[in-house]
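S.K.: Take a look at the letters that make up each chain.
There are 2 protein chains.
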Amino acid sequence: MEKTAITPTRVEDYPQWYQQVIVAADLAEMSPVRGCMIIKPWGYALWENIQQYLDKRFKATGHVNAYFPLLIPLSHLETEAKHVEGFAKECAVVTHHRLVPDGKGGLKPDGELEEPLVIRPTSETIIGAAYAKWVKSYRDLPILINQWANVMRWEMRTRMFLRTSEFLWQEGHTAHATSEEAIDETLMILDLYAKFAEDVLAMPVIKGAKPCFERFPGAVDTYTIEAMMQDCKALQAGTSHFLGQNFAKSSGIQFLDKDEQLKFAWTTSWGVSTRLIGGLIMTHSDDDGLIAPPRVAPEQIVILPIYRNDADKETVFNYCNNLKIQLEQQLFYSKELRVHIDKRDIRGGERTWQWIKKGVPLRIEVGMKDIENNSLAVARRDSSPKVKQFLNMDMFVSQAVNILKEIQDNLFNKAKEFRDAHIYEVNSLNEFNAFFAAELNQDKGFVSCFALDDVIIEEYLKPLKVTARCIALEQESSNGVCIFTGKPVNKKMIFAKSY
Amino acid sequence: MEKTAITPTRVEDYPQWYQQVIVAADLAEMSPVRGCMIIKPWGYALWENIQQYLDKRFKATGHVNAYFPLLIPLSHLETEAKHVEGFAKECAVVTHHRLVPDGKGGLKPDGELEEPLVIRPTSETIIGAAYAKWVKSYRDLPILINQWANVMRWEMRTRMFLRTSEFLWQEGHTAHATSEEAIDETLMILDLYAKFAEDVLAMPVIKGAKPCFERFPGAVDTYTIEAMMQDCKALQAGTSHFLGQNFAKSSGIQFLDKDEQLKFAWTTSWGVSTRLIGGLIMTHSDDDGLIAPPRVAPEQIVILPIYRNDADKETVFNYCNNLKIQLEQQLFYSKELRVHIDKRDIRGGERTWQWIKKGVPLRIEVGMKDIENNSLAVARRDSSPKVKQFLNMDMFVSQAVNILKEIQDNLFNKAKEFRDAHIYEVNSLNEFNAFFAAELNQDKGFVSCFALDDVIIEEYLKPLKVTARCIALEQESSNGVCIFTGKPVNKKMIFAKSY
Numbered sequence: 006m007e008k009t010a011i012t013p014t015r016v017e018d019y020p021q022w023y024q025q026v027i028v029a030a031d032l033a034e035m036s037p038v039r040g041c042m043i044i045k046p047w048g049y050a051l052w053e054n055i056q057q058y059l060d061k062r063f064k065a066t067g068h069v070n071a072y073f074p075l076l077i078p079l080s081h082l083e084t085e086a087k088h089v090e091g092f093a094k095e096c097a098v099v100t101h102h103r104l105v106p107d108g109k110g111g112l113k114p115d116g117e118l119e120e121p122l123v124i125r126p127t128s129e130t131i132i133g134a135a136y137a138k139w140v141k142s143y144r145d146l147p148i149l150i151n152q153w154a155n156v157m158r159w160e161m162r163t164r165m166f167l168r169t170s171e172f173l174w175q176e177g178h179t180a181h182a183t184s185e186e187a188i189d190e191t192l193m194i195l196d197l198y199a200k201f202a203e204d205v206l207a208m209p210v211i212k213g214a215k216p217c218f219e220r221f222p223g224a225v226d227t228y229t230i231e232a233m234m235q236d237c238k239a240l241q242a243g244t245s246h247f248l249g250q251n252f253a254k255s256s257g258i259q260f261l262d263k264d265e266q267l268k269f270a271w272t273t274s275w276g277v278s279t280r281l282i283g284g285l286i287m288t289h290s291d292d293d294g295l296i297a298p299p300r301v302a303p304e305q306i307v308i309l310p311i312y313r314n315d316a317d318k319e320t321v322f323n324y325c326n327n328l329k330i331q332l333e334q335q336l337f338y339s340k341e342l343r344v345h346i347d348k349r350d351i352r353g354g355e356r357t358w359q360w361i362k363k364g365v366p367l368r369i370e371v372g373m374k375d376i377e378n379n380s381l382a383v384a385r386r387d388s389s390p391k392v393k394q395f396l397n398m399d400m401f402v403s404q405a406v407n408i409l410k411e412i413q414d415n416l417f418n419k420a421k422e423f424r425d426a427h428i429y430e431v432n433s434l435n436e437f438n439a440f441f442a443a444e445l446n447q448d449k450g451f452v453s454c455f456a457l458d459d460v461i462i463e464e465y466l467k468p469l470k471v472t473a474r475c476i477a478l479e480q481e482s483s484n485g486v487c488i489f490t491g492k493p494v495n496k497k498m499i500f501a502k503s504y
Numbered sequence: 006m007e008k009t010a011i012t013p014t015r016v017e018d019y020p021q022w023y024q025q026v027i028v029a030a031d032l033a034e035m036s037p038v039r040g041c042m043i044i045k046p047w048g049y050a051l052w053e054n055i056q057q058y059l060d061k062r063f064k065a066t067g068h069v070n071a072y073f074p075l076l077i078p079l080s081h082l083e084t085e086a087k088h089v090e091g092f093a094k095e096c097a098v099v100t101h102h103r104l105v106p107d108g109k110g111g112l113k114p115d116g117e118l119e120e121p122l123v124i125r126p127t128s129e130t131i132i133g134a135a136y137a138k139w140v141k142s143y144r145d146l147p148i149l150i151n152q153w154a155n156v157m158r159w160e161m162r163t164r165m166f167l168r169t170s171e172f173l174w175q176e177g178h179t180a181h182a183t184s185e186e187a188i189d190e191t192l193m194i195l196d197l198y199a200k201f202a203e204d205v206l207a208m209p210v211i212k213g214a215k216p217c218f219e220r221f222p223g224a225v226d227t228y229t230i231e232a233m234m235q236d237c238k239a240l241q242a243g244t245s246h247f248l249g250q251n252f253a254k255s256s257g258i259q260f261l262d263k264d265e266q267l268k269f270a271w272t273t274s275w276g277v278s279t280r281l282i283g284g285l286i287m288t289h290s291d292d293d294g295l296i297a298p299p300r301v302a303p304e305q306i307v308i309l310p311i312y313r314n315d316a317d318k319e320t321v322f323n324y325c326n327n328l329k330i331q332l333e334q335q336l337f338y339s340k341e342l343r344v345h346i347d348k349r350d351i352r353g354g355e356r357t358w359q360w361i362k363k364g365v366p367l368r369i370e371v372g373m374k375d376i377e378n379n380s381l382a383v384a385r386r387d388s389s390p391k392v393k394q395f396l397n398m399d400m401f402v403s404q405a406v407n408i409l410k411e412i413q414d415n416l417f418n419k420a421k422e423f424r425d426a427h428i429y430e431v432n433s434l435n436e437f438n439a440f441f442a443a444e445l446n447q448d449k450g451f452v453s454c455f456a457l458d459d460v461i462i463e464e465y466l467k468p469l470k471v472t473a474r475c476i477a478l479e480q481e482s483s484n485g486v487c488i489f490t491g492k493p494v495n496k497k498m499i500f501a502k503s504y
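Note that the protein sequences, when read in sequence, are chains A and B.
Using the working numbering, the first residue of the first sequence is number 6, and each one after it goes up by one.
Using the working numbering, the first residue of the second sequence is number 6, and each one after it goes up by one.
Derived by calculation from the structure, the hints in this document are not laboratory data.
One copy or two, either will do: identical chains are not told apart, so a pair holds if it fits within one copy or between any two.
Below 27 Å or equal to it, Euclidean Cα-Cα: the simulated DSS-like pairs (lysine-lysine) are:
#, residue 1, residue 2
1, K374, K348
2, K449, K419
3, K340, K61
4, K421, K410
5, K348, K64
6, K212, K238
7, K64, K340
8, K348, K141
9, K421, K470
10, K113, K254
11, K94, K109
12, K8, K391
13, K362, K138
14, K94, K113
15, K419, K8
16, K318, K391
17, K263, K348
18, K318, K263
19, K340, K329
20, K348, K268
21, K138, K268
22, K329, K64
23, K393, K374
24, K362, K340
Excised from the complex, chain A in its bound form:
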């Protein structure tokens, strides 16, 4: 067996491998606060690139940003019963507004609040209350607002990026005069998310509707993008909810329509979070660490100068500086290339492996011999660490963007092939049970089968620790029979073990 940079490997222990990739790439670490993580600069840069892309798309589709309070009064949460049922149970509650000495050299809470406040687990209720004030007439609609924020859910079992008590996200909240317009918005955002996941994160997703028993609490319809990780588990990577008039009714968002009738608005909400980074890690990384898709990589190219003495050092640094300047003039998806020269004085092997583990798409080595030949050594993160290609420098500068595009496409295609090879059509409950029951099954994956969109099928899933992921939007209607109930249905549903 070859030695790998990450121990254990994916095959040996997938969950532990995931944690070790995060450590090796210096993406994040758990903090002293239960369930909360510190997102370190390399991990946060991934989030900034995600933010930048999405923010631009949200604005291009007519949305504006705003900011609503972190804390929600208890009475606001009580207005939407189903919503509380699903959300507000495990959350951080602020009860005091002061600290005073406890008499033992420490501090204790003081100044009890008349009404406790909850740190937002999501902002439907507080934003709904604001929209109720803002909306009077059909002229005030639509409202198309997005918020970038931190939210908090008191999770019992946490895992970095995938499930943490505090996480960062964006939450869109829109209000419309008609049901049709709100549904269009919900689906437009779903498409935007899917395109982002596939084009930017190189993460293939299935767009679908959640079955009724997996909907967001209070939603009429919840749409999702579902991705397959390398252990064949499903990751819900983003959701878009059509809330009907439910939240408008509980918050009182009413408007005088053109026909002079007072009506409740139709609302939507949608979000993606730092969980996407977990998805990105688990989709692309290998036993040597992170593989960052070029479009979100914090640095796309790292230049590693190689020299023996101070005289050479200056020559090599100058050459590298010049190379960096030339590369930064190249545009990759309309943006300047992100290029870094690692001038640190550490061992070459250690330096190279740090960048491999951090997943930088291209590593360039430049030494005196290369300068003589006007060449350089190129290593791609999507190849074996040992493979280097020697290229003429000008050739490389003119080809760098194409190579990065090739890497981006390779990562997507590889992930898509893997996913498609692990979706199984199943035609009976026996087959279904056998597939998921086999714990050491080599045929792990998603199962697609006819199934009734009804909570009664959940009883077949729970013992297997399997969840219904979605009813894919892109499928033909056909006559089928639910494998659980024997009832006639015309759509297939996707099932999987999941994060």
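With chain A held as given, fit chain B onto it using these hints.
M.R.: Using the frame of chain A, we list chain B on its own:
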């Protein structure tokens, strides 16, 4: 008296005028949560522009972003005694992690935490604990990290943007191997802030050191940028702290230096917040509403199409679309112009006044007659609302950037002239008392005088409700006598009533 868009005017009731400008420009509103505001899209867009500029400057000076937890364990706060004294007293305390039915149809907190958690009022302690883990050797230094985040201080008296319980800010936290390097960082950031305030917000500031009794709790030196509002009160617009080894000692940030000695690091912290928006409003706005400096204005040019019937409407809209495209090709400080066409079907007067109140630097009117003459009507927000200039369209397109620069410069110069005309040199305690005692004094302003940097002078200030703002960095040393103590000093100090 002419009728103004804002009632009351600045002269009639300055604090109330300020609130009304915020309402009229639709920048923000108070939320149902005590002391917390909702930052509405027009206000948030100002913050986004501030963020974008600063973030770019921070990165250009070697900083990276990261994210640390919102909640701080009580035990962390107890480590830095002075810091707690100054900060942690009034803060939001999380004591429970669950809600359960209260038996009366409502909810109540449940699941008491073993250790209460505090919503960060600032992050020195939690970030210090992380740096203590990360730093081992001089090779790990400097650490240059910034965080964009929300923070919370339980304020008794709140005022939108200026002082709210929750606010948005950036906080830089750096650790260095030497005192000199940390001091250089502190002052470099102070310069960066001053340049930003003056060049981008058009808000003149005085760079200075806080007297010892006004320092950040736990800091060795606190530097500030101080601005004068139109009511002559001072606003602390940003601070940069040299923390010496205080926080490194309480957090345990130690490193093995080149000389093999174990040493404590030298740290800094620095921040600006959404308070800058309050400063911007109070520096430039007038009795007709907000005046947004072009460099941060959410829209720099608004185009107002004028037409009588549907046939004209199409012609005018086409002309406006074309004008917008041409304007957007112009670069203003290396960025595309932000241009908006207001196509809403509302009364022309109402529409125009909305944009005046929102402070858009340039309003362009285009009607059928203008199209025939290939001209347009230009109104500047820094002129009277009645003044319009008719310009040839091509001429305007080529001149738009220059006009915006002129407005930006005008706003700065006007504010600077006002400020400089309201700084008074005072040579005795009698003069000092007389100046500030006169409540209806027409000579309101800043007072500059010789004063001892010692807490004993505070007793002279408190009865007058005056604060020591700073010891300006840009002043000659000279032999003087403290007006309060009679002791010899060589620097003048600035005093003012303040926000």
